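S.K.: Sequence:
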Amino acid sequence: MRQKITCTINGEKKTIYVRQATILLDMLRDELGLTGAKPGCKNGDCGTCTILKGNRPMKSCLMLAVEADGENFTTIEGLKDTPIQKAFLEKFAFQCGYCTSGFIMNCHALSICQPNATAYDIKNWLQSNICRCTGYEEIKEAMLEVLQNRHCNSKKI
1 MRQKITCTIN GEKKTIYVRQ ATILLDMLRD ELGLTGAKPG CKNGDCGTCT ILKGNRPMKS
61 CLMLAVEADG ENFTTIEGLK DTPIQKAFLE KFAFQCGYCT SGFIMNCHAL SICQPNATAY
121 DIKNWLQSNI CRCTGYEEIK EAMLEVLQNR HCNSKKI
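Numbering (full-length UniProt numbering), first residue to last: 1 to 157.
Do not take every clue at face value.
Claimed, not checked - Between beta-carbon pairs, the in silico distance windows are:
| hint | residue 1 | residue 2 | range |
| --- | --- | --- | --- |
| 1 | L32 | N116 | 29 to 39 Å |
| 2 | C152 | E31 | 24 to 34 Å |
| 3 | R2 | Y136 | 37 to 47 Å |
| 4 | R56 | I130 | 13 to 23 Å |
| 5 | R150 | G54 | 15 to 25 Å |
| 6 | D121 | K86 | 13 to 23 Å |
Derived from the structure by calculation, the hints contain no laboratory data.
All figures in this text were calculated on a predicted structure; none of them were measured in a lab.
Note that CB positions come from ideal geometry on N, CA and C, so glycine has one too.
Construct the entire structure; sequences and hints are all you get.
M.R.: Below is the structure:
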């Protein structure tokens, strides 16, 4: 049996009928065609399925779709040319790319939640994401650049 839920995804209100056992990640991918969040471990360890609930990062594999009723989410598809996306490209902060959307979503949330984050803060924040291809240095450099540029731009105003 399917249950009706209504939630906001990437600024658009969506009404979807989901099975009670469907996880949010599968609903996003299978029902809505939003494939940026990737299935990895499906137990909350890897972070490849990271999306935003409000402005906070969350692992979409850990939430049932029926629990999403009334909530507001942003996926990688909902970000439009953000500074962190540009920095990832400029710093080559990815290799195979499978985990990149999860890292970008987590970094985007960090830039909102902790705009004055230090390198130490970034390292701790990103512990919830796993990449088997990189050493994380380029990812941290990209994030630091975004925060420093934002800080410099705010001083000019």
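S.K.: With 13 to 23 Å as the target window, see if D121 and K86 comply at their CB atoms.
M.R.: holds (21 Å)
S.K.: Are R2 and Y136 spaced within 37 to 47 Å by their CB atoms?
M.R.: For R2 and Y136 the Cβ distance comes to about 41 Å; the hint holds.
S.K.: Mind checking the hinted window 29 to 39 Å against the Cβ distance between L32 and N116?
M.R.: Holds, since L32 and N116 (Cβ atoms, about 35 Å apart) stay within the stated range.
S.K.: Is the hinted range of 15 to 25 Å satisfied by the C-beta distance from R150 to G54?
M.R.: Holds: the Cβ-Cβ distance is about 20 Å, inside 15 to 25 Å.
S.K.: Could you see if the CB distance from R56 to I130 stays within 13 to 23 Å?
M.R.: At 19 Å between Cβs, range holds.
S.K.: Do C152 and E31 keep their Cβ atoms within the hinted range of 24 to 34 Å?
M.R.: The hinted range 24 to 34 Å is violated for C152 and E31, with Cβ atoms some 42 Å apart.
When each numbered hint is compared with the structure, a violation occurs for hint 2 only.
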